[in-house]
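In case you want the letters, here they are:
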Amino acid sequence: MSGNKSSGVRYGMVIDIDKCTGCTACSVACQQENNVPFREDETNKVRSITWMEIYQLDNGMPYPEYRQAYLPRLCLHCGASPYPPCTFVCPVNATHRDEDTGLVNHIPVRCIGCRYCISACSYHARYFNWWDPKWPKPMEEMLTPNVSPRMRGVVEKCTMCVHRLQLAKDRAFMEGRSELEEGEYVPACVESCPAKAMTFGNLLDPDSEVARLAKSSLAFRLLEKLGTEPKVYYLSSQDWIHKLADKVM
Amino acid sequence: MLETALKGSKKYWILIGVLFGLHGMGATAFLYQLSKGLTVTGMSRDVSWGLYIAQFTFLVGVAASAVMVVLPYYLHNVKEFGKITILGEFLAVAAVNMCLMFILVDLGKPMRMLNVILHPTPNSILFWDMVVLNGYLFLNIIIGWVVLSAERKEVAPPKWVKPLIYLSIPWAVSIHTVTAFLYAGLPGRHFWLTAIMAARFLASAFAAGPALLILLCLIVRKVSKFDPGKVAIQKVANIVVYAMIISIFFVVLEIFTAFYSQIPGHMHGFVYTFVGIHGHGNLVPWTWAFAIMAVIATLMLLCPPLRKNETTLAISCLLVFFSLWIEKGITLVITGFIPNPFDTITEYVPTIPELAITVGVWATGFLILTILYKVAVSVKEEIAS
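Residue numbers (the working numbering), protein chains in the order written: chain R, 5 to 253; chain E, 3 to 387.
Each hint should be verified, as a subset may be incorrect.
To be verified - DSS-like, lysine-lysine: derived pairs with alpha carbons at most 30 Å apart:
1. E:LYS161 x E:LYS81
2. E:LYS38 x R:LYS138
3. E:LYS224 x E:LYS12
4. E:LYS9 x E:LYS224
5. R:LYS219 x R:LYS247
6. E:LYS38 x R:LYS141
7. E:LYS310 x E:LYS237
8. E:LYS161 x E:LYS13
9. R:LYS49 x E:LYS38
None of these hints come from the bench; they were simulated from the model.
The following block holds chain R by itself, in its conformation from the complex (with noise of 0.2 Å):
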C-alpha cells in the first residue's frame, strides 16, 4: 500500500452513495477549483473532461422493485503497490504517486500525450485534452491563481486538490506547526457536498473519521478484485450496489 509508514499519512475519502442526491454540486466545485475547461457543447461525454464524474446506477428490475442511485467517481487514487496502474506505464515521468501522502498526481508540462495511461486505467479517471482549454470572458479572470490549466494534447485527473494541501502546510509552517489538523485541508469536493456525503483524512490515522468510515461493514471500492487498492471507499446499505461495483469480474 501506498503512503509511507513513517510519514503516517494516507489521504483517502469516503463517499457515502445513500447520502448522496446526484445534486452534482462536487462536480462543479471541482471543475471550477481546478480550472477544468469546459466547451458551450458538452455533449460529447467521451470527449468532455470531469474530474468528478457522477454515475446514475439503477438496479435494473421494472416498478415496483426500481432503485436508483447515484456514485461521483473520481480518480481513485489506487494504492497498489509498488505503483498504480497508471504511473506504472508513464513512458514519461509525466503522473506520479507521491509516497508520503498516498496522492497521484499530474505533471501536465512534460506529458506527451500517448494515452497509455488512460489505457491503464480501468476507471476512466484520466482526461485527455482534445481542445484547447478556454474560457468565455468573465470567466478567465475568475479561474483559481493556485491551480495551472493544462494544454491541449495532455492528460490531466484529479489531484485531491493537492494545492489546498499546500495551501495548508504553508499555513502550519507559518503557526511553527509540522503537523496538519483533521480536517484543515479538504478537497473543493468535499467541502461543496451539502448532503455530507463526503469524507476525507488520513485512513492511516486510527482516530480520523475517514479511517473509522473505511472500516465499516457497508464500505466497497470499485473493481475491488483487479488489485488496485483504491483509497476512495464507498458506503451503501444496499446489496444491488455492493454488486454493480464489481460488475465486470
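For this one, chain R is given, so just place chain E on it according to the hints.
The following block gives chain E in isolation, referenced to the frame of chain R:
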C-alpha cells in the same frame, strides 16, 4: 550506392511520384491535426488508441519478420536465402520507420517526444518499445548497407558485422514481444490480458511479414533482371504456412479459454467483434473478413499444387497479408477498448483526416522501401552483368 536510386525507368519515377503525392496528402492532414489537435480523429476517452496504434502494432510484426530469412541463412546455412536477406532487412527498415511515424502521429504533444529519452522510465513498456524499435532500425540499416556494399565490391562483408547480424535475430523477437507487453499487462482490459499475446503476435508476424516479402520478391522479379529464386520463394512460403496455422491455432485457444470458462470479461471482447453487443458491431464485418480470408489462405497454402504455382501463391499471400492486417491492424487493438471496464460501449470510427494520415504514413514507408529496394536491385543487377 544511393546514387543508383537516382537512375530508373519511367515506371519507377511514376511510382515514386505517386507515393510522394500520397505522402504529401498525409503530411498535409498531419499539419491539420497538429493545428487542431487529436480532436480531428475518431478517438475518445473510451477508445483512447485507434487506427494509428493498431497500424503500428501490425507493422512491428512486418519488421520483425526479416528474421525469418536472416535466421535460416546465417544460423542454418540455407544458401537460397542469401539473395533475399537484403530484401528482408530493407523491408524491416521501412516497416520500423512506419512504426515510429505511427507513434509520432498518435501523440498529443509530438514536439515533446524526446521526453521519453530525457525522462527515461524503465518501468514503462513504451519506453522499452522506443529502445528496441530504434535499436532494430539501426541494426538493419547498418547490416543491410554494409553487406550490400561489400557485395557490390565483390568482397566478403567485414567481420565486425557478423555479431550485429546475430544480435539482430533475438532483437527481432524482442520488438514484437515488447509491443505485445504494451497490451498484455493492463488490468481491466480482458481482451488483451492473455499470456499468449506475445506468442500470438510473433506467429502472425511471421505469417504476414514473409507473405509480403514473397509478394515483393515476385514484383522485383517482374520489374527487374534480379531473380530472388524460385526455391527461396517456396521456402519462405513454407514458413508462411506454418506461421499462419499457428496464428489461427492461437486465436482458437483464446476463444476456447474465454467461452469454456464463461468468464464474462473474457467473452465480451470476442462477442463484440464476432457478433456485436446490443446492436453495436462496427467490427463484425471486419472480423468475419479476417476469419474467412485466413481460412481460405491456409487451405490454399496447404495444397501443394496451389502453393507451387506462383500465381495462386501470390493470391494466398495477399489473403494472408490482408487477413492479418485486419486482425492486428484493426480488430485486436480496438476491441480491447470495447466494452470498456464499466461494461458500456463506445464505438470507434476513424475520421477522414485520420485515414489520410494513415495512408500518408504507409505511402512514406513504401517510398522508403521503393528507394531501398531500387538500390538493392541495382547492385544485384550490376554484379550479374
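Here is what the structure says about each hint:
1. E:LYS161 x E:LYS81: Distance of about 19 Å is within 30 Å: holds.
2. E:LYS38 x R:LYS138: With a Cα-Cα distance of about 14 Å, the restraint between LYS38 of chain E and LYS138 of chain R holds, given a limit of 30 Å.
3. E:LYS224 x E:LYS12: The given pair, whose Cα atoms are some 15 Å apart, holds under the 30 Å limit.
4. E:LYS9 x E:LYS224: 18 Å, holds
5. R:LYS219 x R:LYS247: It holds: about 18 Å lies between the C-alpha atoms, which stays within 30 Å.
6. E:LYS38 x R:LYS141: Distance ~22 Å between LYS38 of chain E and LYS141 of chain R Cα, so the pair holds.
7. E:LYS310 x E:LYS237: 10 Å, holds
8. E:LYS161 x E:LYS13: This hinted pair is violated, its Cα atoms lying about 38 Å apart.
9. R:LYS49 x E:LYS38: 19 Å, holds
Going through the hint list in order, the structure does not satisfy hint 8, though it satisfies all others.
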